[in-house]
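From just these sequences and the hints, can you work out the full model?
Just so you know, the protein sequences line up as chains A and B, in that order.
Using the numbering used here, the first residue of the first sequence is number 6, and each one after it goes up by one.
Using the numbering used here, the first residue of the second sequence is number 223, and each one after it goes up by one.
Note that these hints are calculated values from the structure, not bench results.
For clarity, every value in this text was computed on a predicted model and none was experimentally measured.
Here a beta-carbon is modelled for each residue, glycine too, at the ideal position from N, C-alpha and C.
None of the hints are false.
Dumping the calculated BS3-like pairs for lysine-lysine here, alpha-carbon to alpha-carbon at most 25 Å:
id: 1; chain 1: A; residue 1: Lys46; chain 2: A; residue 2: Lys176
id: 2; chain 1: B; residue 1: Lys319; chain 2: B; residue 2: Lys270
id: 3; chain 1: B; residue 1: Lys319; chain 2: A; residue 2: Lys130
id: 4; chain 1: B; residue 1: Lys323; chain 2: A; residue 2: Lys52
id: 5; chain 1: A; residue 1: Lys57; chain 2: A; residue 2: Lys46
id: 6; chain 1: B; residue 1: Lys323; chain 2: A; residue 2: Lys46
id: 7; chain 1: B; residue 1: Lys323; chain 2: A; residue 2: Lys130
id: 8; chain 1: A; residue 1: Lys98; chain 2: A; residue 2: Lys154
id: 9; chain 1: A; residue 1: Lys176; chain 2: B; residue 2: Lys323
id: 10; chain 1: A; residue 1: Lys47; chain 2: B; residue 2: Lys323
id: 11; chain 1: A; residue 1: Lys130; chain 2: B; residue 2: Lys270
Residues from chain A shown here face chain B by an in silico Cβ test under 8 Å; the list is partial:
id: 12; residue: Tyr48
id: 13; residue: Gln200
id: 14; residue: Ser254
So the chains spell out like this:
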Amino acid sequence: MRSTIQFASAVLALAALAFNAMPAAVATETPDPVADARAFKKYFTEKFPKVKLEDFVNGPYSMNEDMHRQWEEKEQFPPYDFSLEAGKEMFAKPFKNGKTYADCFANQGIGIRQNYPYFDEKEGKVVTLELALNRCREANGEAPLSYVKDEMAALTAYMAFTSRGKPFDIKIPNDPRALEAFQNGKRYFYTRRGQLNFSCASCHVQNPGERIRAEILAPALGILNAMPIYRSEWGGMGTISRRFTTCNSQIRGVPLEPQADEYRDLEYYLSYVSNGLPISGPGARP
Amino acid sequence: MIRKPGMLKSLGVVALIAGTTAAFAASSEADFKAAYAAAEAANQEAGKLRNQWTTTTAALAAAKKAAAAGDFDQAVASSNAAEALAKASIFQATSEKEAWKAIEIR
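Written as structure tokens, this is what we have:
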């Protein structure tokens, strides 16, 4: 019976795909990040004319007044406070060789969250904050942390906190590989995947503010500014890696490995199009 | 006995269903292995496209579990379902190479 249902689902999915494939309007092939970011902001500000630009970073809490009140109340005793404290301690604690995280980052790692991810021209790839933290550990003889668990969330929570209010400032250097990474991230964002045939955009562009079961979907604009987040649904903190992999499995797609090139490029794209919006992490979500 | 016009036809359909069922019931370990290999190959192809589905993985696991229990009918059925799902995920990845542009914000 179960296999029959799965088989039928596959047939339905194929039918849906065939339908969706029909209106394949062709976009211009040359990436133009500046125009993309402008169009992105215009789309969301026109869709939600009452929401101030900087408020989009509050995700579902920016979508209506009741939710906004809930957020204000939550911020009185934020559920990410424990993680923030833990992150601060971890950040300051020396590695076995005596060095600390601060030695790996510009400005000792304070107030720099808004510059991540960046395109590393030497490596030819996008480097995220989570990746940079683990590279820092490995360079100092420490084992890397899980990208989806509490310790990584605590470290990024602390670093985000020191950048609160600073606008995202993601750069795309004059390097065709950087432009390609941006374009790959964009493609990933709009590509439908999983048996449910959803793209990131299906929820966060086409349906922000709407409910999916009990959740109110967040707009894609500013969606990474609040990361990492405490999610009541998870009963704990979540990194950007956790958010991406969970999104994939929720639509019945097998997640890629955390920090796969695709996810790094996706983070680059999503962060760039939110340039100018303030870092608000760590955040809390229903 | 009053013979109704459609009766013979109905009996034929019943026989056909019974025959098909008998054919399914005859699934062997070799049938399972062939069906599973086809499903696994399709899922690997989906993996190369970075687009595997969790339901394919679950159907493959169900096929293996059924085979381990000696239920080759179920094992073949689950393998066939896995292959269908994997092929759908390949179709999705292939069509999305261009289709994603249709929903892009411009």
